[in-house]
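Engineer: Sequence:
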Amino acid sequence: MIASVLPTYSRAPMTFVKGEGSWLIEADGRRFLDLGAGIAVNALGHAHPALVKALADQAGALWHTSNLYHIPQQQILADKLVDATFADTVFFTNSGTEACELAVKMARKYWYDKGQEDRVEIITFDGSFHGRSSAGIAAAGSEKMTKGFGPLLGGFTHLTFGDHDALTAAASNKTAAIMVEPVQGEGGIRPLPDQCLKGLRDLCDEHGILLILDEVQCGVGRTGKLFAHEWAGVEPDIMMVAKGIGGGFPLGAVLATEDAASGMTAGTHGSTYGGNPLGCAVGCAVLDEINTPEFLAEVNRKSGLLRQKLEGLIASNPDVFESVRGAGMMMGVKCKVTNIDVVNAGYDADVLTVPAADNVIRLLPALTITDEEIGEAVARLDQAAKAVAKA
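If you want this note's numbering, it's the 1-based position in the sequence shown plus 3.
Treat the hints with care, since some could be wrong.
Stated by the list, open to error - Taking lysine-lysine and the DSS-like style, the derived pairs with C-alpha atoms no more than 27 Å apart in a straight line are:
1) Lys-393 - Lys-339
2) Lys-108 - Lys-201
3) Lys-112 - Lys-201
4) Lys-228 - Lys-83
5) Lys-147 - Lys-337
6) Lys-312 - Lys-228
7) Lys-337 - Lys-312
8) Lys-228 - Lys-56
9) Lys-339 - Lys-147
10) Lys-177 - Lys-112
11) Lys-228 - Lys-201
12) Lys-337 - Lys-393
13) Lys-389 - Lys-339
14) Lys-83 - Lys-56
15) Lys-147 - Lys-108
16) Lys-108 - Lys-83
Unchecked claim - Listed next, with one range per pair, are the computed distances between beta-carbon atoms:
17) Asp-91 - Lys-177: 24 to 30 Å
18) Pro-52 - Glu-314: 29 to 35 Å
19) Pro-52 - Asp-374: 16 to 22 Å
Treat the hints as calculated values from the structure; they're not laboratory data.
Cβ atoms here follow ideal geometry from the backbone N, Cα and C, with glycine treated the same way.
The task is simple: from the sequences and hints, build the whole structure.
Structural biologist: As structure tokens, this is what we get:
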């Protein structure tokens, strides 16, 4: 008989009842060091005081009105994002998947309004992940995500990650946009080199193509800048944001230039919950904490410490681990054994990691993790690795 909760997840055998910073507490009292942070969502850890206060204060005043009316908290958060980024305008969603849907619509509507109705192709790359909606799975294109869900939304051209010649050949007057993650998350923590991101921007400028960046997982301080593309010194036309922006509250956004968003007029898109007072109050508190030079400098310092300790972990366990890669607090450790075995051994060592493609385990800790917790986390990963090696 089917479970009352639709069984689309293979869940780990833990039930967490409380969170404190970088720690999750099981129903039986065990304390786990959380290196997953809800898949890069809990950017400020669990139960951060500023977020708890923002949510409680707003909950006591007003939860929801819908976008039929002006929402002051939404305006404040939009202004903060516009002031901090390339963007001129923001649309709020509940998730990264919804942000993908709007990004695709926005790019195609842009060209439709310019009289180029057949300019609908969007170039994407293997290993990508843009959510599990019809547009999201069509954009990624992998059999794992699309099998059984046809017919798929058309208009996507899938290229091999890093194949510059194929990219140059694919760009044409039918191309509406190029969509890419500056750091692939689900794809195995594969950073796009700065020179490649610059090259993408140059190619888009040469052909008049819109550049869509998916910073759902790598944004909001995760790489040591507010958004990962800033390291390359380029700006997108459209950007998808979610996960960390809500610090655990469901919140996403699409940021865009005035030109790229020009086709999205009244009635072209909407969301009942998107940008509601609760979500935007929390989002404001998240940005106030993360978007400071001091906070981001600490992310960079601690990410250097984490990488150093992970290199030592790999050297101490050469039969289990192969290499470390990533950017900031978005690290991937490539395994020589099955990555799921390492994740499962971590449960026994009271440390949580997240599997990814290319036999990688993802480490996406809270940006507030302490030096001592980084050391403890790597010690527990070492314990897990030695258990796998003995098995």
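Engineer: Does each hint fit the structure? Answer for all of them.
Structural biologist: Hint check:
Note on Lys-393 and Lys-339: the hinted pairing holds, with a Cα-Cα distance of about 14 Å set against a maximum of 27 Å. A C-alpha spacing of about 25 Å is found between Lys-108 and Lys-201, which places the hinted pair at or below 27 Å, so the restraint holds. For the suggested pair Lys-112 and Lys-201, the alpha carbons sit about 25 Å apart, so the restraint of at most 27 Å is met. A C-alpha spacing of about 16 Å is found between Lys-228 and Lys-83, which places the hinted pair at or below 27 Å, so the restraint holds.
Between the alpha carbons of Lys-147 and Lys-337 the distance comes to roughly 21 Å, so the proposed pair stays at or under 27 Å and holds. In summary, the hint linking Lys-312 to Lys-228 is supported, as the alpha carbons are separated by about 22 Å, within the 27 Å threshold. Distance check on the hinted pair: Lys-337 and Lys-312 sit about 15 Å apart at the alpha-carbon level, within 27 Å; holds. Between Lys-228 and Lys-56, the direct Cα distance comes to roughly 25 Å. Compliance with the 27 Å bound is thereby established for this hinted pair.
Distance restraint check for Lys-339 and Lys-147: the Cα-Cα separation of roughly 22 Å lies within the 27 Å cut-off, and the hinted pair is therefore satisfied. With a C-alpha separation of about 14 Å, the suggested pairing of Lys-177 with Lys-112 holds against the 27 Å cut-off. With a C-alpha separation of about 17 Å, the suggested pair Lys-228 and Lys-201 falls inside the 27 Å cut-off, and the hint holds. With a CA separation close to 19 Å, the supplied pair Lys-337 and Lys-393 stays within the 27 Å bound.
A hinted pair counts as satisfied when its Cα atoms are at most 27 Å apart, and Lys-389 with Lys-339 qualifies at roughly 13 Å. As the CA atoms of Lys-83 and Lys-56 are separated by approximately 19 Å, the hinted pair is consistent with the 27 Å bound. For the hint linking Lys-147 to Lys-108, the alpha-carbon distance of about 24 Å falls within 27 Å, and the restraint holds. Restraint check for Lys-108 and Lys-83: the C-alpha separation of about 24 Å stays at or below 27 Å, so the hint holds.
Remark: the range hint 24 to 30 Å for Asp-91 to Lys-177 is upheld by a beta-carbon distance near 27 Å. Checked against the given bound of 29 to 35 Å, the beta carbons of Pro-52 and Glu-314, roughly 34 Å apart, stay inside it. For the hinted restraint 16 to 22 Å between Pro-52 and Asp-374, the CB-CB distance of approximately 21 Å keeps it satisfied.
Going through the hint list in order, the structure satisfies each hint without exception.
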